[in-house]
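J.: Top line first, the protein sequences correspond to chains A and B. Its first residue numbered 194, the first sequence is counted upward by one per residue in this note's numbering. Its first residue numbered 194, the second sequence is counted upward by one per residue in this note's numbering.
These are computed hints drawn from the structure, not numbers from a lab. Certain hints may be false.
If chains are identical, the list can't say which one is meant, so a pair holds when it fits in one copy or spans any two.
What the hints assert, rightly or not - With a cut-off of at most 30 Å between alpha-carbon atoms, the simulated BS3-like pairs for lysine-lysine come out as follows: (1) Lys289 to Lys229; (2) Lys212 to Lys247; (3) Lys307 to Lys195; (4) Lys307 to Lys262; (5) Lys262 to Lys297; (6) Lys223 to Lys289; (7) Lys289 to Lys195; (8) Lys247 to Lys307.
Listed below are the residues making up each chain.
There are 2 protein chains.
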Amino acid sequence: MKCKYAIKALVRLAANYEKGYLQTADIAAKEHIPKKFLEQILLELKHSRIVNSKQGIGGGYYLIKHPSKVSVADIYRIFDGAIALLPCVSLNFYEKCEDCDDEKTCSLRIEFIKIREGARQVMSLTTLQSLLKTTESQAKRKK
Amino acid sequence: MKCKYAIKALVRLAANYEKGYLQTADIAAKEHIPKKFLEQILLELKHSRIVNSKQGIGGGYYLIKHPSKVSVADIYRIFDGAIALLPCVSLNFYEKCEDCDDEKTCSLRIEFIKIREGARQVMSLTTLQSLLKTTESQAKRKK
DNA sequence: TTAAAAGTCTACTAACTTGATAGAATTTAT
DNA sequence: ATAAATTCTATCAAGTTAGTAGACTTTTAA
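Between the sequences and the hints, there should be enough to build the whole structure, so can you do that?
T.: Below you can see the structure in the form of structure tokens.
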């Protein structure tokens, strides 16, 4: 949920890139996300330096990074952690296996690295920009 | 954990394919898996018709399907459910999105289907047989 | 025929995660 | 000053996960 909501909110912010502020309440309403919950999510994104915000009247959130520089993989890692299925094959959240005798020759590891790369590649290639493009072309199709 | 343990146990059973029974206690000891926990896991695999068992002295578990016919995707689905990151893009565990206005034109869906396909392909191509081959070639390398 | 060795089944628990809510505090424009 | 906005911390209920416990059944070998 969190990750999905984050991506939806970020796509909105990407559509508004360098065009001012978007308010939490607005995004929440449009995407049907519980407002208070979205607050937390946006806050986490702020701490991760993906978005920034301005308080007070007329304030709100805005995207700091260029939409092409924010991938689904980035967002996934913030909210759901490792992309890898096993901690021992994770690049960003590595943890040693307790039950494994020799990590270097573990066949599971070798195969799970392939799986991780499969997922990681697609998730890294999918950015806010590519999501935005799909959104726009879908909107056009609908007309 | 469950999924990892299951795969480890299945690789052992695959190595013993059509060569008789392997006991829970044995596999548990070799793979450092809590025995009682492994019992549950093997039972689930039996209910999923991946393995079968024989009770009594000299009994144990054995693989029913050919190692090339059991993929990591199959096992993952038994223990962890959907491969897709969102239920609304899952093939085997589909559920409708509550917050989505129009599934047909949802840009998230379109992109997440690509991600699912990336993961699904690699996980479907990785079978007990391919894991076994890696195990064997690793054992050889070690000599 | 009986005891031991094996799997079967059901229930339970502690710790953690998730999705969400609540409310007080802070900042800013007018 | 005040209203509109974000910020921050705490809390909660429900669900999941990893693992444990124990009673039961089936099989076989002595």
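J.: Taking the hints in turn, state whether each one holds.
T.: So, going through the hints one by one against the coordinates:
Taking the shortest Cα distances, Lys289 and Lys229 sit within 30 Å of each other only across copies (23 Å), while inside one copy they are farther apart (37 Å). Proximity of Lys212 to Lys247 under the C-alpha cut-off of 30 Å is restricted to the intra-copy arrangement: shortest distance 14 Å within a copy versus 69 Å between copies. Taking CA atoms no more than 30 Å apart as the test, Lys307 paired with Lys195 passes in both settings, with 27 Å inside one copy and 20 Å between copies. Taking the closest pair of Cα atoms, Lys307 and Lys262 come within 30 Å of each other both inside a single copy (24 Å) and across two copies (19 Å).
Proximity of Lys262 to Lys297 under the C-alpha cut-off of 30 Å is restricted to the inter-copy arrangement: shortest distance 27 Å between copies versus 34 Å within a copy. When the C-alpha separation of Lys223 and Lys289 is checked against a cutoff of 30 Å, the pair qualifies only between copies, where the shortest distance is 18 Å, while the shortest distance within a copy is 43 Å. In this assembly of identical chains, the alpha carbons of Lys289 and Lys195 lie at most 30 Å apart whether taken from the same copy (27 Å) or from different copies (17 Å). Proximity of Lys247 to Lys307 under the C-alpha cut-off of 30 Å is found in neither arrangement, the shortest distances being 43 Å within a copy and 35 Å between copies.
Violated hint for the displayed structure: number 8, the only one.
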